[in-house]
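S.K.: From first to last, the protein sequence lines stand for chains A and B. The opening residue of the first sequence carries number 1 in this note's numbering; numbering runs sequentially from there. The opening residue of the second sequence carries number 1 in this note's numbering; numbering runs sequentially from there.
Treat the hints with caution; some may be incorrect.
Unchecked claim - Under 7 Å between C-beta atoms, here's a sample of chain A residues computed to sit facing chain B: (1) P66; (2) R159; (3) G377.
Hints listed in this document are in silico derivations from the structure and should not be mistaken for laboratory results. Glycine included, every Cβ here is placed at the ideal spot set by N, Cα and C.
Protein chains: 2
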Amino acid sequence: MEWEELARELSQTTDSKIVLLVMDGVGGLPAKGRSELEAARKPNLDELAKGGVCGVSDPVFMGITPGSGPAHLALFGYDPLKFQLGRGILEALGSGVEVGRNDLVARGNFATFKGGLIADRRAGRIPTEENVRICAYLNAHLPKRDGVEVEVFPGKEHRFVARFTAEGLADALTDADPQKEGKPRLPTSAIVPEAAKAAAIVNRFLDDLTDVLKGEPKANTALLRGFSKFPSIPTMQELFKIRPAAIANYPMYKGLAKLLGMTVMDVGGETADLFDSLEKSYKDYDFFYIHYKRTDSAGEDGKFDAKVAAIEALDKFIPRLVALNPDVLVVTSDHSTPSALSGHSWHPNPFVLVSITAGVDDVTEFTERACGKGLLGRFRALYAMPLMLAHSLKLKKFGA
Amino acid sequence: MEWEELARELSQTTDSKIVLLVMDGVGGLPAKGRSELEAARKPNLDELAKGGVCGVSDPVFMGITPGSGPAHLALFGYDPLKFQLGRGILEALGSGVEVGRNDLVARGNFATFKGGLIADRRAGRIPTEENVRICAYLNAHLPKRDGVEVEVFPGKEHRFVARFTAEGLADALTDADPQKEGKPRLPTSAIVPEAAKAAAIVNRFLDDLTDVLKGEPKANTALLRGFSKFPSIPTMQELFKIRPAAIANYPMYKGLAKLLGMTVMDVGGETADLFDSLEKSYKDYDFFYIHYKRTDSAGEDGKFDAKVAAIEALDKFIPRLVALNPDVLVVTSDHSTPSALSGHSWHPNPFVLVSITAGVDDVTEFTERACGKGLLGRFRALYAMPLMLAHSLKLKKFGA
C-alpha cells in the first residue's frame with residue numbers, strides 16, 4: 001500500500017489550517033565557510049526553528065537533482081517517480097498556457113527550412129518580439145480544420161508552445177524533430193495505434209504552418225517535441241480532503257498548482273502581495289501554498305549576496321504568517337539552488353515545522369547545518385505532506 | 001521508476017574522478033566504552049570527517065546483516081534485494097574461479113559413500129592438501145563428454161567448486177544433496193523444462209566422479225548445491241557511464257568487481273600496493289574502488305586491538321588519496337564487523353564524503369557515534385552511488 005492509497009483512506013476534513021511557505025531554492029553551499037542561509041540575518045526564521053522541529057528533506061532521493069516540477073510534486077504529497085509530467089506540459093505551464101483535459105501540448109522551435117532541409121533548428125534565435133509577431137500571425141492565418149483547434153503561444157527567442165484541442169488525442173507521439181541540421185523535416189509518428197489521429201493532426205498543422213510562413217526569411221518552419229496530454233493525476237482534494245489555495249506569481253508554479261486542483265490566487269509581483277493575498281483568503285481555504293521565487297533566481301544567477309538579501313527580505317514577512325496562528329506552518333525549499341553551482345542541486349532542503357504538536361529539538365537556526373541535527377532527521381520530501389496533515393489532525397489512525 | 005532506470009537516464013560521462021575506499025567491516029561496537037574506530041589514533045581519517053560531510057548507511061535496511069556480496073552490491077549502486085547472486089557464483093568468485101556467460105557453477109562437498117548410502121556429508125573433513133590432490137586427479141581423469149567442459153576447483157577441507165561450460169545451461173536446478181546422512185545419493189532435477197539439459201550433464205558428472213573416485217577411502221562421491229549461472233546484471237558502464245577500476249587483492253572482491261564490469265587491477269598483498277596501484281592507474285579511469293581487508297579480518301577473529309591497529313595502519317595512507325585531489329572521495333565500510341561479535345553485523349556503516357560541493361556539518365571524527373550526527377543522516381547504502389555521481393556532476397537533472 002502506497003502513501004497515495006493510504007491518504008485516500010486516512011485523510012479527513014477538519015477546520016485546521018496548514019501554511020506551506022516554499023522559499024524556492026533556499027538551500028545552498030558555503031562560500032568562505034558560510035552558506036547563504038548562514039550568512040543571512042533572519043531572526044524570524046530562526047525563531048521558527050527555535051519553536052518548531054527541524055530536519056532536511058530530499059526532493060526525490062539522495063543525489064538526484066530535480067526540476068521544479070518533480071520537486072514541487074513531492075512537497076505536495078505526490079511521488080515524483082510515479083507522477084511524471086511531460087516536458088510539453090511543463091513548458092505550457094511555465095508559459096502560462098492553460099491546458100485542459102482534451103488538450104495536447106508540445107514544445108516548439110521555429111526553424112529555418114531551405115532547399116528541402118532544416119538549415120537552422122533555432123531559426124537563428126530570432127528575437128522574442130519577432131516570435132510574438134509570428135505567433136499572432138499564425139493564430140490568425142492557419143487554415144481552420146474540422147473538429148480541431150490549434151493555438152501557438154510565443155516563448156523566448158525561437159521557442160513556442162503549440163496546443164491542440166480535439167476529441168480523442170493521445171500523446172504517444174515521436175518528436176517531430178530531425179535533431180540535426182542538414183536533414184529533411186521529420187513528421188511525428190504514432191507510437192501506439194490510438195495516437196494515429198493525433199499524429200495526423202500534428203503533421204497537417206506542421207505542413208500548414210510551413211505553408212503560412214513560407215515568406216519568412218528565418219522562422220519558416222517548426223519542430224515539435226515532448227508531446228503531452230493533461231496528465232492523469234488525482235487532485236489534492238481527492239487525496240487529502242483539503243481545500244487548497246496557491247499563492248504564487250510565476251506561471252509554472254501557478255500552472256502546476258492548478259493541475260493539482262488548487263485554487264490559484266491572483267497576486268502581484270511584490271513579496272508583500274503574497275502575504276496580502278494569504279490574509280485576504282485565509283478564512284476560505286485550509287491549505288496554503290506560498291511560493292517565494294527570489295531565492296531561487298539569485299541562486300540560478302550565481303549571486304550569493306543577492307540570495308542572502310532575498311532571504312533577509314522574506315524574513316521580515318514571517319511575523320505576518322505567525323500572526324495568523326496556523327495549526328501547521330512549514331518553511332522549506334522545493335530543491336536547493338546553491339549560488340556556487342548557479343543551478344538546482346541534489347542537496348537536501350532545510351525544513352522547519354511549527355505546530356503545538358511539533359515536539360522539541362535543540363535547533364535554534366534555520367540553516368542546512370542546524371536543520372541536519374533536528375528531530376525530523378533526513379527524509380524524503382514526499383513525507384512532508386503526511387507530516388503536515390498529521391500535525392493538523394487531518395489523518396485518521398491506520399489500522400486498529 | 002527505480003534508481004536503476006533513473007541512473008540510465010540521468011548519468012553522463014565527465015572527466016571528474018571518484019575514489020571509494022572500502023574499509024571492510026570497519027564499523028564496530030564499544031569495548032570499555034570505545035569502539036575500534038574511537039580507540040584508534042587516525043588523524044587523517046578525522047581530517048576527512050572535518051572537511052567533508054558524514055552519515056551512517058545501512059547496507060540493506062536496519063537490522064539486516066549482509067554478506068560481502070549484497071553489502072558491496074549496495075555500495076556500487078545495485079539494490080541488493082533485487083540483484084541476488086547465487087551461492088555458487090559467490091563461492092566461485094571467492095575461490096578465484098573465473099565464471100563466463102556460458103558457465104554454470106555450484107558449491108561442492110566431497111562426501112563418503114558406503115553401502116549405497118551417504119555415510120559422511122563432509123568426507124571426514126579431509127585436509128585441504130588432500131582436496132587439492134583429488135581435484136587435480138579428477139580434472140585429469142574425468143571422462144570427456146561431448147560439448148561439455150567440466151572443471152573442479154579445490155576449496156578448504158572438503159569444499160570445492162564445480163564449473164560446467166556448455167551451450168544452453170540453466171541454473172533452475174534442485175540441490176544434489178540428500179541433506180542428511182544415511183540416505184542414498186540424490187541427483188539434481190530440473191525445476192523448469194529448460195534446465196533439463198543442465199540436470200542431465202550434472203548428474204552424469206556426479207556418476208562419473210563417483211566412478212573415478214571409487215578407490216578413495218573418504219572422498220568417494222560429491223554433493224552439489226547452489227547451482228548458479230553468470231547473473232544477468234547490468235554493468236556499471238551501462239548504468240552509470242563511468243570507467244570503473246577495482247583495486248583489491250582478495251578473489252571474492254575482484255570477482256564481484258569483474259562481474260560488474262570493473263577493470264580489476266593486479267595488486268600485491270601489502271597495503272601500500274593498493275595506493276601504488278591507484279596512483280599508477282589514476283589517469284585511466286574515473287571511478288576507483290579500493291578494498292582494504294584487514295579491518296574485517298581482525299573483526300572476524302574477534303581481535304579488538306588488531307582491528308584498531310588495522311585502522312591506524314590504513315590511516316597513514318589517507319594523505320596519498322587526498323594528494324590525488326579526486327572530485328569525490330568517500331571512505332566507508334561495506335558492513336560492520338564488530339570484534340565483539342566476531343562476524344558481520346547489521347550496524348550501520350560510518351560514511352564520509354569529501355567534495356567541494358559536500359556542504360557542511362559539525363562532525364570532526366570518523367567514528368560511528370560522530371558520523372551519526374552528520375548532515376547525511378542515516379541512509380541506505382544504495383544511495384551512496386547516486387550521491388557520489390551527483391557530487392562529481394555525473395548526474396543530469398530529473399524532470400523540468
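S.K.: Evaluate each hint against the coordinates.
M.R.: These are the hints, each one checked on the structure:
With a cut of 7 Å, the hint placing P66 (chain A) at the interface with chain B holds, because the nearest CB-to-CB distance is about 5 Å. Hint on R159 (chain A) is violated. Least Cβ distance to chain B is approximately 13 Å, over the 7 Å limit. For the restraint placing G377 (chain A) at the interface with chain B, the shortest Cβ-Cβ distance is roughly 5 Å, inside the 7 Å limit, so the hint holds.
Checked against the numbered hints above, the structure breaks only hint 2 and satisfies the rest.
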